Amino acid sequence: MSMPEIMSRRDFLKKTTATAGLTLSVSMLSAQHAFAAQGAASEALAPNVFINIAEDGIVNITCHRSEMGQQIRTAIAQIIADELDADWDKINVIQALGDPKYGDQNTDGSRSIRRNLDRLQLASATAATMLKQAAAKGWGVDAASCHCENHQVVHTPSGRKADFATLVAVAASLPVPEEATVTVKEKSKYKYVGKPVASIDLPAVVSGNTTYGQDVELDGMLVAVIVRPPVMFTSPKSVDDTKAKQVKGVKHIITLPAAKAPAVFNPLGGVAVIAESTWAAMQGANALDIEWTSNEHSDYNHDDEKAALIASAQKGGEVVRTKGDAKKALSEAETLMEATYFVPMLAQAPMEPPAATAVVNGDKVEIWACTQHPQAARSNVAGALGVAEENVTVNVTLLGGGFGRKSKPDYVAEAAILAKQVGAPVKLVWRREDDIQHGYYHAVSAQHIKAVQDENGNTTTWHHCTAFPSISSTFAPGVDMPSGGELDLGFIDNPFNVANMQLEKGKAVNHVRIGWLRSVCNVFHAFAIQSFADELAHAAGKDSKAHLLQLIGPGRIIDLTAEKAEPGNYGESLEKYPVDTTRLINVIERVTKMAKWDDRKKEGRFLGLAAHRSFVSYTATVVEVVVNEDGTWSIPKTYISIDPGTIVNPEHVRAQCEGGSIFGLSCAMGQITATDGAVEQSNFHNYTVARMQHAPKEIEVDIVESDAPPAGVGEPPTPPFAPALANALFAATGQRIRELPIPMRLKKNS
Amino acid sequence: MQITINGKQHDYDGDPAMPLLWFIRDDLKMKGTKYGCGMALCGACTVHVEGNAVRACQFPMSGAAGKSVTTIEGLDKDHAHPLQIAWAEENVPQCGYCQSGQIMQAASLLSANPSPTDEDIERGMSGNICRCGTYPRIRCAIKKVAEAGK
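One line per chain: the protein sequences are A and B, in this order. Using my numbering, you'd call the opening residue of the first sequence number 1300 and step up by one each time. Using my numbering, you'd call the opening residue of the second sequence number 5 and step up by one each time.
Hints may be right or wrong, so weigh each one.
[As the list claims (entries may be wrong)] Selected chain B positions facing chain A (in silico; Cβ < 7 angstroms):
#  : residue
1  : Lys35
2  : Cys41
3  : Met43
4  : Leu45
5  : Phe63
6  : Ile76
7  : Pro97
8  : Tyr101
9  : Gly137
10 : Pro140
[To be verified] For lysine-lysine, the following DSSO-like pairs were computed, each having C-alpha atoms within a straight-line distance of at most 30 angstroms:
#  : chain 1 : residue 1 : chain 2 : residue 2
11 : A       : Lys1626   : A       : Lys1663
12 : B       : Lys147    : A       : Lys1895
13 : A       : Lys1892   : B       : Lys154
14 : B       : Lys154    : A       : Lys1996
15 : A       : Lys1484   : A       : Lys1494
16 : B       : Lys148    : A       : Lys1542
17 : A       : Lys1400   : A       : Lys1806
18 : A       : Lys1663   : B       : Lys33
19 : A       : Lys1895   : B       : Lys148
20 : A       : Lys1892   : B       : Lys33
21 : A       : Lys1544   : B       : Lys148
22 : A       : Lys1663   : A       : Lys1627
23 : A       : Lys1486   : A       : Lys1875
24 : A       : Lys1996   : A       : Lys1895
Calculated directly from the structure, the hints in this document are not laboratory data. All values derive from a computational prediction rather than experimental measurement. Glycine included, C-beta positions come from ideal geometry on N, C-alpha and C.
With the rest of the complex left out, here is chain B (with noise of 0.2 angstroms):
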């Protein structure tokens, strides 16, 4: 099968079943999207399928096939999303191993929704969690981002 991540095409002929990130990390050694749960318990894979965000650790490569797959790497060519830029400026990461999970959910929350509530904000982020408390600067810079683009 063949599978886009970040505008390159790559081919697969493993396990379908196989998680893509697996396929992520290990096949092409990008390792900004993370391991946390296995289970999309807590988000920290999170990456985008055809815009969507999806935990990587638990979608199969079979679905993946044929389809465009951005990661964190991929998100903006100069590492300059507007979500990056607020998330440097709000000073979000602690540890910053969950963030690249952050970013990209609450980029794919932005697109669906350019102006999201408090509710629609914790509605969204709620599948990522984040052990060190930065919740409450996510959800700072999230609003910057958004009042920015209105």
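Next comes chain A alone, as it looks inside the complex (with noise of 0.2 angstroms):
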């Protein structure tokens, strides 16, 4: 068998902490870090499972969330061998396996860093203050007075010094530390957090040694390919695998049971090709002839849809946040200003398309599989196999990026469930066309808008609605509004401070899977409000940053619960991350400097802005556009601030910036529609995503130096882009965007 690189870490693993009697066991490390010892004396020095320093002095470092390029592994990396002072050279970064007693593993909504800082920093000082004591015991000297230092412990006064390696055996006979005896380093003692370490899989990367969840290779191996059911929960009338059967390498085609309603990470069903190669069994798959049975959804049509999103978010419905009187100040006002927007669904499109790997022996299981979520990827293919999870093991392989759609594992059941019936080793590999036409969809979506301005052009009342088919609906049955944790999303956080707010849901229904794309609602929540915003600064002759700050007005914490919203807060405390406009101002301020927004008329440029709070961190971006005389139009440039708090790695926090723009102008330029049921695109011929001469030349970011607790990075650079594009269109062309996607032609200048 060969093994992937990760794989051999693992082993590697295996192998130290089968001579570490010291294991502990730690299972929600954040919450109370609570260390518990368990077993005797060993060669090892693992005080929980983050950390397992060998004999050696190598520091093999767990990193239990996904990679998918936000370069978790380098991060996680710099927190643990910060607290040590370890040598970066002897440090060793092992995937963790799917596992609960990491506590969460599930890659997404930003907060890998958020919720990881503290705990990793704990568990690092921890197994630093043992080094420490270790080497006091043998110095006869008083470990408060040592300390880390390159992979050494220093005593402080008479600079006496010991490895690492030679502290290992005594360290790990040590009790592990009570929390409250163990202190984290100084800001300005940091080593490497805070500074721009290169990743460590960079070598792989340019050098293509890498394995990905589509790159998993098994002696014994076949491949799996699926045709699903274009509607969702069809199934097939008849299959004719007459010709399937006829390509040579092709070994089992299996029709899958039919999936119901609610979808959850369910496989779809449909009919799978079983070959030797991945090239037999896309042949095989493409030789397939079936019929498949309607149902409900196969009346579903992108244009029904959206006019009855439309009338839903025009008709209002259930109020979810609301201060003075909206709806009488919007009865008596002689003049009001009202927009709708829509924007259509999207698929994630990661670069590489879902793909799992299965072994069943027996009861147990063995996956590797490109996941996001490896817990949920375990319990998936627990349920599916009806096996103890206990039994399951699931590998975490590189991820071709992830943007939300590998947070949900169908595809890992998918190949556990073929592995089973086949009696071999399976990878199940989705083509890009099922990726584009079976996904976990982000929702299609309208909004209204009404607003009331005084005479002196200033805002006094804000009215808007939100209609969109929810995530919940992929898991519950009959869900047709929003849920709390979508309108969290950018929407109930509102930061305008105008006398009448009314914030409000409406109905819609599904028809397809929805799920998680990089920020998620954000994306339209943004769209529709700061370019709302914008026309109301045109409305009242104002200038759009100017008018952007007074809409948002003095620098404040908002108290949403006192305008009756029940905030989500990305589940976080509004005490710890409150929303703070002086924060939001801030980066509009930053971000408008950098652009030199106000030359901008002098100089001949045209520009957009936007700014929009996220996963509890602040942006703003303005981009710059230039439109040819035939109505094309391009981004020479974009600006973005941000204010993610404390950061571990302004390099990632920069590139993260970059590619959630670019990813951000992807939202605007593509979209999934379907016609009968089916989703129409297939594959990036119509599947619009930015390519080079689309994305800005230049990105120039601007990160606020902050000791505020560490927020989100990987997607609040996301949602302001399509409205700081649209925005810069219409000050360039005068024609207002209400509707994603943006042409790529623009109509001409008359």
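Put the two chains together into one complex, using the hints given.
The following block contains the structure:
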């Protein structure tokens, strides 16, 4: 069996932990920092699930978050190496299996650093404390007079030194210290945290020596491709597999059971072709002749859905936040501004389509998968095969992008079911067509906003209704309203300082699987709110930036609960992560200064601005556009300022700001539509994503230095991009864009 | 038929219509060349045939017969091609999945045009998608290598 690179690292861990009598069971290190020592002395120091210092002094760091381009494997290593003051060349990063002992592993929601910085610092400081205690014991000195420096413990007064390797055995025999006795480093002493440390995976990536889910290779492995029903929850009425069976290398053709509501993470059914090679499986799948049943989703059409959603948003719905009396103000207003915004479905389309490999031996299952959510993959497989979770091992490969798609492990269950059925290792690969046509889509949405301006052009009333099929509909039948968690995404925390505000949610039903996509509902909420703010500026004859700042009002903490809202705040407390307009104003000031906003007119540049709070971070974006005679447009430059609180690696934040902006551009370019219940797009020729010529030629990133608690980074750069672009195109052409996707060629200016 | 991959000769007697990608990935188990779309739309599978960039997912084995193919693994024996070095220095990759194809495409672009303009780079790289959005850094890395070659 040839082993993926990541797996051989795991074997290395197995080897080192095999000799380690001291293994600590730390289920929720974060919550109580409860270290419970088990076992006796050993030759490796493993004070918790994240750190294992081997006899030779190598620091093995277990990364429990999935790597999908955010460089979390490097960031976690930075955090742990820093508290230990480890030598960067003597660390080894091991990818964790899916296991609740690590706490939450679902790598989404921009929370890997937000939720783990403190606990990983404490975990590492605990190991450092034990090494210092071991050295102090040997030297007969006080451990408090020792510090860690470059993979050694140093007795600070005398300068005496001992390598970690010489201390491991003694340290491992010591009791794990109480949390209260462990201190973490002061920020000023950070060696790795806050520094642009290069990614540990760079050499492998640039040489092609990487193992993603699609790359897993096991001896005797077969490859499976599934032809899934074009309409959700339908099934094959008839299957003619005569031609598929004739394809050389095709071994099995299996009709899978039909799926039914709710979709959850269950396989969609269809017909699987299992072959000796990927090419044979694909050829076999193409040769199948299947007639499908129909159901209530077979009548689903994009245009009908669009009309229904717009009607729902315009009609209004349930009130979720209210201040003053918006209804009264609207009814008494002589004139009011109103606009409807529409954003279509989108697909995550990570460069690597989903893939999973499974081996089933009796009631034991081993999985290799590019999953953002290894614990859900594990329970999903256990449920699908009827085995105990403890019997399912989930190895996490590198992910060729995730963007939310790989948080849903339907494909992992597919692999396990097929491997069990054929009695051989099976790699289940999704083709690009499968990915585009059978996804968990970013919801289609319509929003209607009404506002009243006073005689000075100041907005006094804001009324906003959002309507979109809920992600909750994927998990429970009959859901026809957005969930609270979705309204948290850039809707309920509206930062505007108006006398009357009313926010409402409208009805919408689903006909496809709805799921998360990078920054989720923030994409369409930011688009509508920040576009309409710009419309109001122009209606009042004001500068867009000055108007936006005026609309936001003074720097303050907004008390959402006082306005009858129930904010979930991305799972964070409002005390620790308040809705702070001071920080939003700050990023607006910084980004406009960087973009030389005030000089734009005299320099003949067309700029658009948008700002947004998401994942408890604050971002503001300025997009510069050039519109050609023929209506085509391009983006010479983009500026973004982000305030994500405390950060671990500025290069990672910078890269996420660049990539997140370009992802936001793709959100403004592509669309998924359905006819008769089936998705119309199938590959990159008709599902448009940003290519180099569309992307900003240059992106200037500004990171606000902050000691505030760490906030999200991976998603916050995305939401402001589309409205900033639309506002820039308005500045250049006078054409207001209220609907995505934005045409690649606008109407010619008359 | 015979086909040379990274200087090593291989025999192949299978379906001549099979794309080169699957010979590289499934038969030779070389995984640096990636599958992204299967329709020559994304460039993740880019390799060189006789020095020219092709999309291996749409390039049939019959077309590769008797030819010399280079994959990311063989671009430089020490993995130290100027582009690989520039990619690391500019910290280009995020998820990394498309980067083998990006580097192979860029190598072909620079060998045909050692001093590309911005427009040349856009035209040359327009077939290679990166969903992480590393385009500005790819552009910088290519320019850096082009500048150094002057």
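Results of checking the hints against the structure:
1. Lys35: Given a least distance of 4 angstroms, the restraint on lysine 35 of chain B holds.
2. Cys41: 4 angstroms, holds
3. Met43: 5 angstroms, holds
4. Leu45: 4 angstroms, holds
5. Phe63: At 13 angstroms from the nearest chain A Cβ, phenylalanine 63 of chain B fails the 7 angstroms test, so the hint is violated.
6. Ile76: Because about 3 angstroms separates isoleucine 76 of chain B from the closest Cβ in chain A, which is inside the 7 angstroms limit, the hint holds.
7. Pro97: 5 angstroms, holds
8. Tyr101: 3 angstroms, holds
9. Gly137: Since chain A brings a Cβ to about 3 angstroms from glycine 137 of chain B, closer than 7 angstroms, the hint holds.
10. Pro140: This interface hint holds because 5 angstroms falls under the 7 angstroms limit.
11. A:Lys1626 <-> A:Lys1663: 61 angstroms, violated
12. B:Lys147 <-> A:Lys1895: Holds: lysine 147 of chain B and lysine 1895 of chain A sit about 26 angstroms apart, inside 30 angstroms.
13. A:Lys1892 <-> B:Lys154: Outside the cut-off at roughly 36 angstroms; violated.
14. B:Lys154 <-> A:Lys1996: With a Cα-Cα distance of about 23 angstroms, the restraint between lysine 154 of chain B and lysine 1996 of chain A holds, given a limit of 30 angstroms.
15. A:Lys1484 <-> A:Lys1494: Cα-Cα ~15 angstroms, so holds.
16. B:Lys148 <-> A:Lys1542: 52 angstroms, violated
17. A:Lys1400 <-> A:Lys1806: 40 angstroms, violated
18. A:Lys1663 <-> B:Lys33: 27 angstroms, holds
19. A:Lys1895 <-> B:Lys148: 27 angstroms, holds
20. A:Lys1892 <-> B:Lys33: Roughly 52 angstroms separates the two Cα atoms, so the pair is violated.
21. A:Lys1544 <-> B:Lys148: Status violated; Cα separation ~52 angstroms.
22. A:Lys1663 <-> A:Lys1627: 64 angstroms, violated
23. A:Lys1486 <-> A:Lys1875: 19 angstroms, holds
24. A:Lys1996 <-> A:Lys1895: Given that 30 angstroms is the threshold and the Cα spacing comes to 18 angstroms, the pair holds.
In the structure shown, a violation is registered for the earlier hints numbered 5, 11, 13, 16, 17, 20, 21 and 22, in ascending order.
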